[in-house]
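K.L.:
Read off the chains here:
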Amino acid sequence: MAGPMALELHPDRLFPAEPSVRAIARELHGHVAELPIVSPHGHTDPAWFALDEPFSDPTRLLVTPDHYLTRMLHSQGVALEDLGVQPLDGSPVADPRSAWRTFASHVHLFRGTPSGLWLDQTFATVFGLEQRLGPATADLYYDRIAEALATDAFRPRALLDRFGIEVLATTESPLDDLAHHDRLIAEGWGGRVITTFRPDPVVDPDFEDYGANVARLGELTGCDVTRWDGYLEALRVRRADFRARGATATDHGHPSAVTADHDRATCQRLLDAALAGTLDPGGAEQLRGQVLVEMAAMSLEDGMVLQLHPGSRRNHSPRVLERFGRDKGADIPGRTDYVDALRPLLDRFGLERDLRIILFTLDESTYARELAPLAGFYPCLTLGPPWWFFDSVEGMWRHRRAVTETAGFANTAGFNDDTRALLSIPARHDVARRVDCAHLATLVAEHRLSLDDAADLAEDCAVRLARRAYRL
Amino acid sequence: MAGPMALELHPDRLFPAEPSVRAIARELHGHVAELPIVSPHGHTDPAWFALDEPFSDPTRLLVTPDHYLTRMLHSQGVALEDLGVQPLDGSPVADPRSAWRTFASHVHLFRGTPSGLWLDQTFATVFGLEQRLGPATADLYYDRIAEALATDAFRPRALLDRFGIEVLATTESPLDDLAHHDRLIAEGWGGRVITTFRPDPVVDPDFEDYGANVARLGELTGCDVTRWDGYLEALRVRRADFRARGATATDHGHPSAVTADHDRATCQRLLDAALAGTLDPGGAEQLRGQVLVEMAAMSLEDGMVLQLHPGSRRNHSPRVLERFGRDKGADIPGRTDYVDALRPLLDRFGLERDLRIILFTLDESTYARELAPLAGFYPCLTLGPPWWFFDSVEGMWRHRRAVTETAGFANTAGFNDDTRALLSIPARHDVARRVDCAHLATLVAEHRLSLDDAADLAEDCAVRLARRAYRL
Amino acid sequence: MAGPMALELHPDRLFPAEPSVRAIARELHGHVAELPIVSPHGHTDPAWFALDEPFSDPTRLLVTPDHYLTRMLHSQGVALEDLGVQPLDGSPVADPRSAWRTFASHVHLFRGTPSGLWLDQTFATVFGLEQRLGPATADLYYDRIAEALATDAFRPRALLDRFGIEVLATTESPLDDLAHHDRLIAEGWGGRVITTFRPDPVVDPDFEDYGANVARLGELTGCDVTRWDGYLEALRVRRADFRARGATATDHGHPSAVTADHDRATCQRLLDAALAGTLDPGGAEQLRGQVLVEMAAMSLEDGMVLQLHPGSRRNHSPRVLERFGRDKGADIPGRTDYVDALRPLLDRFGLERDLRIILFTLDESTYARELAPLAGFYPCLTLGPPWWFFDSVEGMWRHRRAVTETAGFANTAGFNDDTRALLSIPARHDVARRVDCAHLATLVAEHRLSLDDAADLAEDCAVRLARRAYRL
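Protein chains in written order, with the numbering used here: chain A, 1 to 472; chain B, 1 to 472; chain C, 1 to 472.
Isolated chain A, as found in the complex:
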């Protein structure tokens, strides 16, 4: 809490303290530290890379859009407006420098958190800062970062090169015109920055403006989206459009993992009710679950990997939703079932070897109880990395320990950074690689794994499993 202290990244950070284990972890990390970054799932803005313009200012790049950061300050009584988060009604917010100072004076809240690790590593390695952020260094940081952002070396495409990013997937709605991705392809960046098909706005009857969204889908595709077959055809058309922009995967952010496999008449009735706005919650669950099974069927046709991200209770605070909109840190995980919920999907496609479904969870109690046993049996299932709140040092340890003994490594999908915070991507992958090496080193030290196997698996976890899982 005193004056500024040195910002130093210890080369052995996140490795176990016991010297023999640490030495093994260090050796394993040496094999993977410089490998390229494979980022098959994330939420950066494709406009950044298409337009390649300089970022505006430190606050709007690093703080305001990062709900990992703003939620922590909010929990301690800081108003979101004071961090630059814009209310929907246009009320004034703090200017970028003031917001940065507010952030800097609360950065001690991140001690012991992954955000703290990511921030320090970003400040040190991307901006070369040598003192820790705090009230006394707030302006120094702001000026140094602002200055850097104005240079060509910090334009988005330059950062992709500098970070060694082999491939980066963004996420778009089926209503997106994909113009940014078209430009990327035209300018030689196709295959490096790719899109992902995320149909929630036209699939989830509870999504804002669902009816209008579906209507717009119809216009875009020329399909009769009021008929079940036409609606599916419209989705199929858009999937092809996304495939053409490099997409290898779809993504589905459902509140639960419920799947369904109804006859066509029932599907039509569910769609009718959804479009009429008369579908009850149980019906909405069935409709989402039905579309998920249809997506799996289409994946068997077109080869796209299906990602299921269930279990977030989105917009838990109605007042925050009303004032600021979505994605402001008010999404809370909840208990999630898989074993029964996935039955309709698995009964139909579970044994397909050419289908790949990547399962994520926000309910860690399912790792060992449900997900690892499922993925350790069904050929179509692969487990995604620890997600969101669990994309952290302890979270990754819990994941590996709970999953590995039943599912092995081969049924996992490597690491996702899943972030909209572009500058934190190298730090996030570094943390993941360090934890994986620490885990593997522990197995080696306890004679549960040979050193050769550990080196092989470290590379699997760093890049190969992700490339394979996402068919990159």
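It should be emphasised that the hints constitute simulated quantities derived from the structure, not laboratory data. Among these hints, one or two may not hold up.
When chains are identical, the list treats them as one kind, so a pair holds in a single copy or across two.
As the list claims (entries may be wrong) - Below, computed lysine to aspartate or glutamate pairings styled on DMTMM-like, alpha-carbon distance capped at 20 angstroms:
hint: 1; residue 1: 328; residue 2: 208
hint: 2; residue 1: 328; residue 2: 45
hint: 3; residue 1: 328; residue 2: 130
hint: 4; residue 1: 328; residue 2: 206
hint: 5; residue 1: 328; residue 2: 352
hint: 6; residue 1: 328; residue 2: 95
hint: 7; residue 1: 328; residue 2: 340
hint: 8; residue 1: 328; residue 2: 347
hint: 9; residue 1: 328; residue 2: 81
hint: 10; residue 1: 328; residue 2: 200
hint: 11; residue 1: 328; residue 2: 446
hint: 12; residue 1: 328; residue 2: 418
hint: 13; residue 1: 328; residue 2: 82
hint: 14; residue 1: 328; residue 2: 89
hint: 15; residue 1: 328; residue 2: 272
Let chain A serve as the given structure and place chains B and C on it in line with the hints.
P.N.:
Chains B and C only, in chain A's frame:
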């Protein structure tokens, strides 16, 4: 199992074995070992401190009332009567010395348990015993402890001084006359031994004698407790009485975390049915949940901190309840939901910065999935320490590891001993401080936290967070 | 992935890396490494020991029947037929050597898994193999193992001697004629290979051919199994038959832990509906739960230990069930409740000191929340070891850490290998003993337990607790 062995407390107990981590833990513990004890939540008897009389005998002080101990022996076939637990029908029980011998001959059951740690530390540091308890030392222990208890140095107030207890909160019913606390204030102990407002007997329709309790509440306050407004006013009056005796907090032991926010007419109907004894289980849940929201509203007025302790299935064994009454070790934790259950409360008050709600749980699966994400967003929420069965070495490690990465340290409330076992209080705080230092030392050794920050956080965890959370 | 590497079992495997902890673990393990094997729960074939014929070939002994192995290869796209798993329709399968080669070329999937540990230890210690299994060594392995199996030293009874197996329990249906166990008794192996009473086929209305099974039970016993009393009497008769063949325990594989305690008329109605095939799922649950309580009543009469193994969603894949039958790796754990589900049983028998019920779980979230608190109070309850997917290094650590602080060691039942893989039994017990010693060593190193107590507990965990729990 052989003869008596030396009872020795190793100065490095509970610290990780790896020498570099242990050295850091030892250093951190050096900063906090001698800090005063802040005990904002517990169940000691205020009569002890008001009357300041000697304790009767070792068994009735240390064994009979401690259901952590009696339940373990009971699980291995020892009758509760043989430990001095009095049946309600007045059946005879073992005399104190016999009960002590029975206890001593089973103390090996506590190997590897927190009770074992607390007992050994209490015996060694409070009574200066130098051999371990066992059949061979049962009488030696009994005599030494009995002798000590007869001295002035072991009177309750002297123990508060000796233990360095800065503040100790007891817990009383709204029907309590608070005479002991009045006497404490009159004799200069106000603010040191304080009360806590625990309204379960007049709030929970399933509580024994609920109707009579509510009627008595009406008599005490002169309010018409058959009317919803009068009932609330009666609670408000008693809260003020408790505030006047130093209370800074209320406490609520609900079976679930359900909250409710009904209109006044519905509230009146729920109350009517509860008083008529016709409320069904769902209605009882709603009534308890409604009162909780009313308590939050009153907390905003009077500043009292609201503690919610949900999830215990009390009196799981009807036979034990019938024969011995409540709190005899037959309370079993159960699965507990927070994310949906707290919505009515959080919709109304979640964004209030001047409200403090401290959440506890007996369902550890909620730490990372629900509680840390909630407390890491809502300004009013703070997480209590690991509770009851989880107030243990492994329990505290699990809690810190599951909570810290999402909620940080600032959204936690420090340590509670939550005990009726006065003599164990120093040992319980020492165990907590040691585990916190061990956890922090691990973060330092893995370069996830600086040593300076760790020292600061160790003091936070030992005393500052508790003072702040409870507004002491 | 390169050529064959040396297969070496490190003497310190599974011990923590920190040298002082490792030294303690090694010392503790020295006390228990050579103790006999007590195997009170498993699924080996009694015909092996009764007939004592040589095993046929490596694949059919080690791979095909072991669904831990086949499911992992299946999850990566290998057809079960290619591992020799026989479809019910008689379709051809790979010959043993081909299947072995397929297995060998996928053995890298088991890196970091308990199956990997068990396999390596079995290959090294039972067959003296010195290179690791892989594509290059597949034939070497096959030939060496086949050659060994043809010798007298590898006949089933010789293996029991060689493995130091003091007692081995198999599991039979009430419809079994127990002829193998009769022969074992006649040939002097009684008490060494014993049976276990597993009545699922005549208790679970959802079991294949339930009605015919119950009818057969009536024929075997001469009881009128269409009447509730006659049905119970038939079970009682068969329990006595099993007791006469050495059985000390019953075993119950219910989908949930639900118990029930209905009046006789209700029981008759449930049985009638079950036999008529008209029982709905809720009724089936009640009938199973009722029989469980009846089994507890009979256990009080005849002294047999009641084992409850709930929570597996059996035959999750209907296609695999249809093609291959039961026990092919498609059983998936699910969330399981105990606190409310066991009430009817515990209300009636919970306080009985002469009843022993051993509880297992596939839902680790219940260890600390429900099972340890229940077993730490009710005299009749004992906790089984980590089961099935959790019978692993990390699984055992989680179990000890979650259970010990509330239930101690005395309320646990030691280790079960629970396997049909005879040759892996020594490896499984060795892994369990090593993990227990590692856990105890950690407690000693952190000064939470004395070394003497740890040595005593290590022997408890290795053999004494199992003997006591199963009344051997």
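K.L.:
Among all the numbered hints in the text so far, which are the ones the structure does not match?
P.N.:
Numbers 3, 11, 15, in rising order.
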